[in-house]
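> Sequence order for the protein chains is A and B. Final position of the first sequence in the numbering used here is 235; the numbers increase by one with none missing. Final position of the second sequence in the numbering used here is 235; the numbers increase by one with none missing.
Hint data in this document are derived by calculation from the structure and do not stem from the laboratory. One or more hints might be untrue.
Identical copies carry no separate label here, and so any pair may be met within one copy or between two of them.
Said to hold, decoys possible - The list that follows gives simulated cross-link-like pairs (lysine to aspartate or glutamate, DMTMM-like), each with its CA atoms no further than 20 Å apart: (1) K84 x E221; (2) K84 x D126; (3) K101 x E18; (4) K45 x D97; (5) K176 x D119.
Remember, predicted model here, so these are calculated numbers, not experimental data.
Protein chains: 2
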Amino acid sequence: MKVNFGAAKIGKYATSESGDTLEMIERPHGGLSMVLVDGQRSGKSAKTISNVVARKAIQLLAEGVRDGAAARAAHDYLYTYRKGKVSATLNILSVDTYTKTIVISRNNESPVIIYTPDQGLQLLDQPSRSVGVYRHTKPVISEIPIVEGALAIVFTDGLRHAGTLSGNEAYDPVKAMDHIIADGMVDAQCVADRLLREAVERDDGRDDISVLVISVTGNENGSQVRRLNGTIPL
Amino acid sequence: MKVNFGAAKIGKYATSESGDTLEMIERPHGGLSMVLVDGQRSGKSAKTISNVVARKAIQLLAEGVRDGAAARAAHDYLYTYRKGKVSATLNILSVDTYTKTIVISRNNESPVIIYTPDQGLQLLDQPSRSVGVYRHTKPVISEIPIVEGALAIVFTDGLRHAGTLSGNEAYDPVKAMDHIIADGMVDAQCVADRLLREAVERDDGRDDISVLVISVTGNENGSQVRRLNGTIPL
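The shape of chain A in the complex, shown without the other chains (with noise of 0.2 Å):
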C-alpha cells in the first residue's frame, strides 16, 4: 500500500495570502502529521494567529509528542498569549505507520469527512470547539486503520460556506465526495482540486479555503520512493 496526501489552498479573493496555514512534519517513530489552522478573521490578522497555533503543534509533533496532547498544548499556547480572545480552528491528520492508522484530531465545528470501502461515507461531526478562547479546550479524536481506499477529507469553514456569502446554496462537501467515489478518483490531489474547485465557482472566491486529503491505494510497482512536491503561484 501506498498512503498519498493531496491540499490545495487559496485566499480570499484580494487578500495577498490566506489566512490558513498548513504545515507537515515527520513523525519521528514513523509516519507525518499534517496541521491545518483557520486563524480568526482574515488576510494578515488571521494569519499571524494560524502561523502561531500551527508551528507550536508542529514542533511538539515533531519531538514524539502525541496528538491529542500536541493540540491540547496549541490551544494552551494560543489562550495564554491572546488571552482567550482570539480563535481558530485546528485540524492535525496523522499518518501513523507504528500504529497503522490514521489519527484525526478536531478542534473544528466542521466536520470531516472519511471513506472506508467497508463502511462507505462517514462524517466526523461530535461536537467540537475552536482553540483559543475556553480555558479546556481539548480536540476529538478519531482512528481509522489504514486501508486500500480509505480516504479523509478535512477543510477549512471556507469550503462548506462556499455559496453562501453570494446567496447561493451552500456547498455540500459530502454530495461532492459521493459524485467523487463514484467516479472512482482516487488521486488525494485530484480530489481536493476538484473541492476547491467546486467551492470556489459557488462563491467567487470570497472566502479563504483550504482542502487537505489522505488516500490510500495499492503500491503495485512496490516502489520504495517518498515524494513530496508542490507549487506556489507568485
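We have chain A already, so just place chain B on it with the hints.
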C-alpha cells in the same frame, strides 16, 4: 510565475528507513524553506541525527530566523548535544517571496546545481563543511533571482556516489542535468524522479539518496491555488 518543488527520497536497500530527513516549512515573511539533512552512518542512528538537525533548523526558520543563522544554530546544537563527535550534512533551500530569490545554504561537500536561462548550468561547489564537528562551522550561502526557467537541484551524497559502491563509474548529476535540460524537462518532481531513478539503477540501492528540485515556470492560467502533495510507501 509559479515555483514548483519536487523531492524524491529512498532508503538504502534493506534498511527500514532512510537516514536522510527532509522537512518543509512556511516562511513567516513569505515563501517556504526546505531542509535536507543526511546524518552520519546509516539506519536508525543516522535518522536520529538528521531528525534533530532538521527539526532545529525548521523550528527557527518557522520563527522568521534567517537561513544563515538557522544553519549556524543547527550546527551549534548538534555540536553541543553530541560533543563534536557526530556530523551531518545540511542544506537549506528557500523560496523567499519577499526578496524574490531562491536562497541556497550549504553545509555539505556535495555541490548544488543551479540553472538559469541566462547563465546556463552552474555548480555551487565552494568548500563547505558538514555540521556537528568543527567549532565555528558556517554555511556557504548563494542567492539566485526567481526567474522563469530557473532550476535548483540539491542532493545528498548518495546521488553523486551512486555506482562507486558496486565498482561502477560514479553517477554524474551535472551530466544528467545537461540531458534533462536538453530534453526540456521542467517539472520539478519529474526531474527529481529521473535523477533518483538513474542513480538507483547505477548502484542497486546501496545508499540513502535524496534529491530536491525547485523549478520556476510560467503561470499560464493565472491560478492562485497553492498545492502540496506526496506519497509514502508503507
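> Compare the structure with each hint and give your call.
Consistency of the hints with the structure:
1. K84 x E221: Close neither inside one copy (52 Å) nor across copies (45 Å); limit 20 Å.
2. K84 x D126: neither (28 Å within a copy, 50 Å between copies)
3. K101 x E18: Close across copies (16 Å), not inside one copy (35 Å); limit 20 Å.
4. K45 x D97: between (33 Å within a copy, 18 Å between copies)
5. K176 x D119: Within one copy, since 19 Å is at most 20 Å while 50 Å is not.
The structure shown violates the earlier hints numbered 1, 2.
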